[in-house]
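Peer 1: Listed here are the chains, written in short residue letters.
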Amino acid sequence: MVRGTEKVREYLEEITEPIPSTILIIGRDLKIIYANPHYYSVAGKRAKDVIGKNIWNVLSASTIERMGLDRKIRDVIETGRPFEGGHAPGDRLGTFYFYKVRPIGDKHGDVSRAMILVEDVTELTNLEERLKESYGKLDAAYRELKDADKIKSDFISKASHGLRTPLTVISSYIELLEEKKIENLEKRKEITKILKVQTDHMIDLINDMLDVSRMESKKFEIERKKIDAKELVNDAAEKVKTLSDLKGHNISLEIPDDLPEVVGDRKRIEDVLTNLLTNAIRYTPERGKITISVIDENRHLHFTVTDNGIGIHRRERKKIFEKFYVGSSAKKEPGRMGLGLSIAKGIVEAHGGEIWVESRVGRGSKFHFTVPKE
Amino acid sequence: MKNILVVDDDEDVQKMFKDILETYGYKVVQAANGKEAVEKYIESKPDIVIMDILMPGVDGVKTTKKILRRDKNAKIIVVTAVGKVGLEKDCIKAGAKAFIMKPFKIDALLAAIQKVSGGA
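First to last, the protein sequences are chains A and B. Taking our numbering, the leading residue of the first sequence gets 1, the next gets one more, and so forth. Taking our numbering, the leading residue of the second sequence gets 1, the next gets one more, and so forth.
Honestly, the hints are just simulated from the structure, not real lab data. Keep in mind that this is a model prediction, so the values were computed, not measured. Please note that a few of the clues may not be correct.
Label-pair ranges, simulated between beta-carbon atoms [to be verified]: (1) Phe104(B) to Lys373(A): 18 to 26 Å; (2) Gly83(B) to Pro260(A): 28 to 36 Å; (3) Ser44(B) to Arg314(A): 40 to 48 Å; (4) Lys89(B) to Gly85(A): 57 to 65 Å; (5) Glu261(A) to Asp107(B): 58 to 66 Å; (6) Asp90(B) to Arg315(A): 28 to 36 Å.
No residue lacks a Cβ here, since even glycine has one placed at the ideal position from N, Cα and C.
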């Protein structure tokens, strides 16, 4: 005949058998009264090594310490209030456990035992970590997209503003010409000239915007051919001569005869030089002195454009290479989109070179850029 | 003949306004910035002002207010390339009588001039 308590135990085993968590019942003296089948299977222990033994002799000391089990068991038995749950890392690296300590009362309601429930939440924790990580990535991607979207809408708004002015001039004059309101031939010639200038201005703006957009989407491509730097500098100087003569500037070249060739995009590097020269001409009071020099340095050619113009304030020196940044002096001139130097920077960097400026307000500016020889 | 003060910092735009307006029988006075606009307004007492918004120094909204402070009956038409949301409201609040975006049809400009000068 099976005794009642034995029956209860069997019944309990049957219920707790499929539970994939460890259940231990522990007395006030910290001795283990019961352990469920799951515990024996994961701990690889037999009942005789567990039942009636102190937890310090059965569980690992580090586990007891990490969970503060001894203290919690005593607290729960003392107060009758459960410890509702905590997380702790397991003995094996990367494992995590969730545990609860609940009081067990006798038929009089006196608490002399506690039940510990330990659940392996390693997988769940890892999942949570991965989820957190994915969320972080998602959040970063979202922010990046939002930033890109803002840059894009800024770009569209600035671009449309930049194009509206030349378009206004062009469309109004076409309307006037169409309605034959302007009969005078000289006047018509004058208008045609304005139309040409404004159309060229629009073409330049559109090309600049296209360059910036390609640079941003990393689709900016350059040719790689051998370039005669001396010829390139001469061509750039020739290109800006009319503009320079208008202000009575003197442009001088300092180029050694035995300059080696560089590899790159001739038209693009000439664009950089022309841009720097145009700025030098624009921001130097009449009859200024502008010098272009090229030095052969070990791995690259070092180009400089020096002027004795108005100079650039310290706080603007970095910003002038940002797109759409229009410096305080440039603001005085209409139609500036603030793309020239950002494109120059993009071109130089696409060649593997660097661009920078030195300047003193009221004394002048010196723009440098390098182009690697190979 | 009506007198129109055109305030715009772009030389070609100035010239364009002059050519349009003179073609349609208006007399044109020009100013390249806000400060000059106020001076020219006092000096020539124009019937209508065509006002750009983005200019170096004092912008078009502030210039509109400055002119209206000197003459509360000033008839100012804002003509701008700035497509900023809420700008039209700001201009009207500042006292401008009409708001036109660049580029515009000449008819629209002439209609606005007619409207603000009271159909005369």
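Peer 1: Look at each hint and say if it fits the structure.
Peer 2: So, going through the hints one by one against the coordinates:
no.	hint	verdict
1	Phe104(B) to Lys373(A): 18 to 26 Å	violated, 53 Å
2	Gly83(B) to Pro260(A): 28 to 36 Å	violated, 50 Å
3	Ser44(B) to Arg314(A): 40 to 48 Å	holds, 43 Å
4	Lys89(B) to Gly85(A): 57 to 65 Å	holds, 58 Å
5	Glu261(A) to Asp107(B): 58 to 66 Å	holds, 59 Å
6	Asp90(B) to Arg315(A): 28 to 36 Å	holds, 29 Å
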